[in-house]
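Build out the structure end to end from the sequences listed, making use of the hints.
If you count by this note's numbering, then the sequence shown holds residues 3 to 540, one letter each, in order.
Rather than coming from a laboratory, the hints here were simulated on the basis of the structure.
Beta carbons are placed, not taken as given, at the ideal position from N, Cα and C, and that holds for glycine.
Heads up, none of these hints are tricks.
27 Å max Cα-Cα, derived DSSO-like pairs, lysine-lysine: (1) 450 - 406; (2) 295 - 281; (3) 169 - 31.
Label pairs and their in silico Cβ distance ranges: (4) 27 - 336: 48 to 54 Å; (5) 138 - 376: 43 to 49 Å; (6) 5 - 103: 41 to 47 Å; (7) 461 - 422: 16 to 22 Å; (8) 422 - 527: 36 to 42 Å; (9) 251 - 286: 41 to 47 Å; (10) 228 - 422: 44 to 50 Å; (11) 27 - 423: 49 to 55 Å.
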Amino acid sequence: MLHFSNITKHLGGRTLYKSASFQANPGDKIGLVGPNGAGKSTIFRILVGQMGVDEGAVSMPAKTVVGYFSQDTAEMSGHSVLAEVMAGAGKVAELADKIASMEERLGQEMGEDEMTKLLERYGDAREEFEALGGYEVETRAQTVLTGLGIAAEDHHRPVESFSGGWKMRIALARILTLQPDLLLMDEPTNHLDLESIVWLEEWLKNYPGTLILTSHDREFMNKIVSRIIEVNYGQLTIYGGNYDYYERERDLRAEQTQAAAKRQQDMLAKEEEFIARFKARASHAAQVQSRVKKLEKIERIEVQEEGRAVKFDFPTPPRSGEEVVQVKHVSKAYGEKEVLKDADAVVRRLNKVAVVGVNGAGKSTLLKMLAGHLEPSDGTVNIGASVNLGYFSQNSLDLLNPEKTVFEQVYEEMPTATIGQVRTLLGCFLFSGEDADKKISVLSGGEKSRVVLAMILAKPVNFLVLDEPTNHLDMRSREILMQSLKEFEGTVVLVSHDRHFLKEVSNRVYHIENHKMRVFEGGYQEFLVSAQGDARAR
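Here's what the structure looks like:
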C-alpha cells in the first residue's frame with residue numbers, strides 16, 4: 003500500500019535519513035521510535051506532503067484517504083464540538099450544518115409559500131444526508147467523542163469554550179471519525195487520561211486500516227503495534243514485534259555488532275602487525291602487498307555509540323516519621339461542586355502511592371491538599387514529623403525564569419554544590435554539554451519538566467508529591483525518572499497516566515470514584531487485577 007522508497011532528507015544542515023525505505027500494508031500497525039530530533043515527525047510530514055524529500059519517492063494508491071493527528075492543531079471556532087468532529091467528513095458535514103440551520107429556521111414564523119419551499123429543501127437535504135451515510139457518521143462521531151471523555155451533553159457546546167487540552171481531544175476525534183485508510187498519529191495520548199487511553203487502545207486494535215504512530219507511552223505501544231521502525235543515525239531499522247520485543251532485539255543486535263567489531267579489530271591488528279614487521283623485507287614483499295590490499299577492501303564494522311545509561315542517585319534524605327501525612331475525614335468542594343467527601347488515609351514512610359481515577363475525579367485536588375497548596379473544606383491534612391516536601395505540578399513550569407540558563411536555574415537551588423555536582427545532576431536529566439547552557443525560554447515542555455524535576459530532586463526531600471511528572475517526557479526520560487523513584491528512600495504520592503510507570507513505581511493505590519477515596523494495599527498491577535474481578539462480580 004505505502005512505499006517509502008530510498009528516501010534521503012537533509013534538514014538544518016544534517017542528514018535525517020539516507021536511502022531509507024520501508025513498506026506498510028493494509029492492517030499494519032507500526033510504531034516509530036527514536037531519540038528526539040531523529041526525524042520521526044518529519045516522516046509524517048513527508049507522508050502527508052507537508053515536506054519534500056531530497057532523494058527517493060513516496061507512493062500509495064490513488065484516492066488513499068490519509069488522516070494525520072499532530073500536536074499542532076489548527077484554531078477551532080464557530081462550530082459545536084459535534085460539527086467540528088464531523089467536519090472531516092466533507093459533504094456530510096456540510097449537509098449536517100445545512101440541516102441544523104434549516105431546523106432552526108423552521109421554528110420561526112414565515113409565510114406558507116416560504117415554509118413549503120423550505121420543507122422541500124429540508125427533505126432533499128435529509129435524503130442526501132442519509133444516502134451518504136450521514137447518520138452513521140454522526141453516530142460514530144458521538145461514540146468517539148464519548149470514548150475520549152467528552153460527555154454527550156457537551157457535544158453541542160461551542161468548540162471555543164474548551165481548553166487547549168480538550169481541543170486536542172476534539173482534533174483526535176475528528177481524525178478517528180474520518181476512518182482514513184492510512185492513520186498517522188504523533189503522540190495521540192499526550193492529553194488523555196487513563197480511561198481515554200484504554201478506550202483509544204481498543205479502537206485502534208479494531209481499526210482496519212494502516213496505522214503508524216509515535217508515543218512515549220510504553221504500554222500503549224506494546225498493546226497496539228506489531229512492528230517497530232527505529233529512526234536513528236540516519237537510518238530506518240525495522241523490528242518485528244512490539245516495543246518490549248524491539249528493546250530486547252535492539253540490545254541483542256548491538257551486542258552482536260560489538261562482538262563482530264571486536265573480532266574484526268583483533269584481525270586487523272594482527273594483519274597490521276604482520277605488515278609493520280615484514281614491510282622492510284624483500285622476501286616478504288608479495289605477502290605484505292597482498293595483505294595491504296586485503297585491508298583496503300575490508301569494510302569496517304561501525305559500532306554506533308549508544309546513549310549512556312543514566313540514573314539519578316538521590317541524596318540520602320533525612321528520615322521522616324513513620325506517619326508522613328494523615329488525611330482525616332477530608333472533604334473538598336468548589337462552591338456547589340463536591341469533589342472529595344470524607345476521605346481517610348495514612349501515608350506511611352516508604353509508601354509509593356499511585357492516585358487514580360477518571361479525569362476530574364479530584365486527583366490533583368488531593369495532591370494540592372497533601373502539599374499544603376489547598377485547604378480542605380472539612381477535615382484535616384496533618385503532615386508528620388521531620389517531613390521535607392517536594393511538590394511537582396504542571397503549574398511548576400511557570401515558576402521557571404525564562405532569562406536564566408538551565409544550569410543557572412538549577413544552581414540557584416543548590417548554592418552549596420560545586421559546578422561539577424550541578425552538571426552531573428543535569429547530565430542525569432539529559433542536559434549535558436551545551437544543553438545545560440540553553441536559556442529556559444527556548445526549551446520544550448518536556449525539557450522544562452526535566453528542569454523542574456531536577457530542581458526538586460536535588461534537595462534532600464523525603465516526601466515527593468508528583469502530579470503528572472511524566473507529561474511531555476520522552477520514553478528515555480520516563481525510564482530514568484521511574485528507576486530513580488523505585489530506588490528513592492523516601493515516600494511518594496503521584497498521579498500519572500503512564501500505566502507502565504505506575505506499575506513499576508507504586509506499592510499502594512488510592513482510587514477516587516464518585517467523590518469517595520478507597521485505599522488499596524497493593525501496587526497498581528494488583529489494583530487492576532482486583533478492579534477487573536470486581537467488575538466481573540458486578
